[in-house]
Amino acid sequence: MAEMENNKSQGTLYNDLIRKCREAYDGEIVAACLHGSRAGGYHRENSDFDVLMILEEYPEGIRYNYLPFLNVHISLLLVDEELFKLDVSTGGLGEFVAGRILTPYVPLLNRMYLEESELTLKKRVCIEELEEIIIEYGELSRGIIFRPEFIALSRMRKRARAYPPLGYSYLKLLSSKRRDENLKTIVDGYMRALNILEREGVVKGLDGLYEIRDSFIDGVLKRKSTGKIINILEFSRRAIQSYLAQGRAGRVSLELIAKELTTKLVRGLAAPIWSEPFDPTSYLYLKAGEGAVALKDETSVMELIMRIRPNGEVKVKRLGSAINEVFLGEAGGERFVIKKFSDWFVFKWFTLNIVAFGSKIFSVSGRERLSNEYGVTNLLEEEGLPVPKIIHVSLPKRILVKEYIRGRTYLDMVKQYINLNLTDMDYDSGPFHVLGETMARVHSIGVALGDTKPENFIYSMDKTAYILDLEQARRDEDFAWDIAEFLYYSGHYGLTLNDGIKSIVEEFLNGYMSGGGEYTTLKRAASLPYLKVFSFWTPLPILIYLSNRLKKVDSRKT
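Under the numbering used here, think of the first position of the sequence shown as 1, with each following residue one higher.
Hint data in this document are derived by calculation from the structure and do not stem from the laboratory.
Some clues are possibly wrong.
In silico BS3-like cross-links for lysine-lysine, where the CA-CA straight-line distance does not exceed 27 Å [stated by the list, open to error]:
| # | residue 1 | residue 2 |
| --- | --- | --- |
| 1 | 502 | 453 |
| 2 | 287 | 315 |
| 3 | 315 | 397 |
| 4 | 552 | 502 |
| 5 | 317 | 287 |
| 6 | 287 | 397 |
| 7 | 317 | 222 |
| 8 | 222 | 315 |
| 9 | 172 | 222 |
| 10 | 296 | 172 |
| 11 | 453 | 296 |
The following label-pair restraints were derived from C-beta to C-beta distances [unchecked claim]:
| # | residue 1 | residue 2 | range |
| --- | --- | --- | --- |
| 12 | 204 | 318 | 32 to 42 Å |
| 13 | 111 | 302 | 15 to 25 Å |
| 14 | 111 | 397 | 19 to 29 Å |
| 15 | 302 | 199 | 42 to 52 Å |
Idealized CB from N, CA, C, for every residue including glycine.
Work the whole structure out from these sequences, hints included.
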């Protein structure tokens with residue numbers, strides 16, 4: 001708790017405060033605390049003493065009283081206990097009352113009650129702020145790690161936007177000579193709340209930092225489409241309730257409420273309040289390799305490679321076709337794959353959305369595709385699935401750097417099988433069997449890859465099928481699309497049906513089933529909507545063969 005700087009001893013001063021406050025109410029007091037500038041150490045000589053007093057069965061609900069005290073005043077906020085609990089648990093008063101224990105306060109009566117209320121409040125705030133991260137960053141949130149300061153500053157900034165006069169108080173609180181002490185006091189409460197959430201499986205502690213558990217992310221992403229709208233409405237509701245609570249308490253007039261609601265409130269919600277060092281995103285990081293980079297990191301690829309290999313000659317060249325922004329970087333004999341996620345390449349995905357209309361929706365924006373690639377890579381790596389490791393990520397520049405995997409692309413092998421009419425009777429260990437197994441394992445954890453053209457996989461030197469492209473991957477999507485795209489698109493490299501195509505199919509299906517894949521997924525891939533999409537590319541006899549082969553799959557054998 002914060003300490004007060006006063007000529008009188010603290011104990012005597014606190015007793016005098018309570019004695020004076022009892023003049024305003026002689027009923028049962030549940031708890032009381034000093035808050036504001038006198039508790040935060042940024043008061044002037046003529047500053048009031050801000051006191052919150054929680055009362056049992058207070059008929060007026062909430063009310064301000066001003067009492068003369070030591071040549072200044074006590075600004076006494078009286079509140080009924082049930083209203084206080086409502087504000088703590090749900091923000092029912094826009095945190096107009098409960099917000100006073102989000103920042104440093106001095107317990108005057110019933111310290112334990114106040115600390116338990118603070119913990120309940122800060123646990124709710126943590127949940128709400130974590131949901132905001134997930135809604136804002138999507139799949140990218142799977143790799144976000146944060147310091148507790150993020151939660152504290154993010155909530156303070158939101159409250160200051162909702163009620164602009166708070167912005168001044170917060171800036172003074174964090175700019176005074178007691179800045180570090182004040183921030184530590186605030187953050188300690190959030191750390192206690194986060195430790196409870198860690199035991200409940202919401203977050204995981206990492207030496208003073210935290211990451212969000214995938215199960216919590218999955219739950220939020222399922223309702224993401226409406227979550228942003230709901231959060232904005234909830235935030236606005238609380239802002240208005242805070243103003244109304246102020247009016248009921250007698251501190252501001254109805255005219256002032258109307259004026260501020262139409263000016264300061266709207267302007268505050270639309271404009272940023274703080275920059276460095278109070279920007280909460282300064283306390284957000286992204287996992288990369290064995291370490292982490294700041295979410296706002298703007299290091300260029302060339303700077304990064306030179307940092308990793310300072311004495312090596314740096315070379316960068318394009319990989320793949322001109323429609324993809326994928327590059328190979330090399331320095332000191334080490335190779336890196338560099339992916340840039342520009343919105344210019346929206347045209348590629350926009351066109352595919354038109355072609356696949358009704359069967360598949362592709363992520364279009366550069367930021368969303370980067371989020372998918374980064375987030376699902378982290379998810380699959382944690383599950384032990386073969387993906388290149390992330391070396392560096394820059395959200396501002398929309399760049400992802402991953403390790404380079406040596407091997408043969410599945411595109412090369414598809415062309416070889418088809419052009420040379422190759423057959424592989426060993427369906428239990430060939431490259432397409434391995435790929436089928438890998439895809440089944442991905443589906444078993446509820447992830448669809450989204451873009452399974454053969455060029456997006458590589459068969460490594462140790463006979464592992466690595467997944468190279470995850471920018472369309474996500475949870476709880478149509479697994480049948482992955483099967484259909486890989487088989488039907490691979491088939492378009494053939495002019496006529498031959499044994500090479502049949503061998504690819506048998507290997508892949510055998511691997512998918514032995515890897516735990518669902519035969520119903522294979523059957524769905526044979527349906528007409530998928531055939532329609534690929535009829536633009538793949539010869540009809542090959543499409544019909546592939547569809548019929550998928551229809552024959554059952555639960556006992558492929």
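Are there hints from earlier that the structure breaks, and if so, what are their numbers? Numbers 7, 8, 9, 11, 13 and 14, in rising order.
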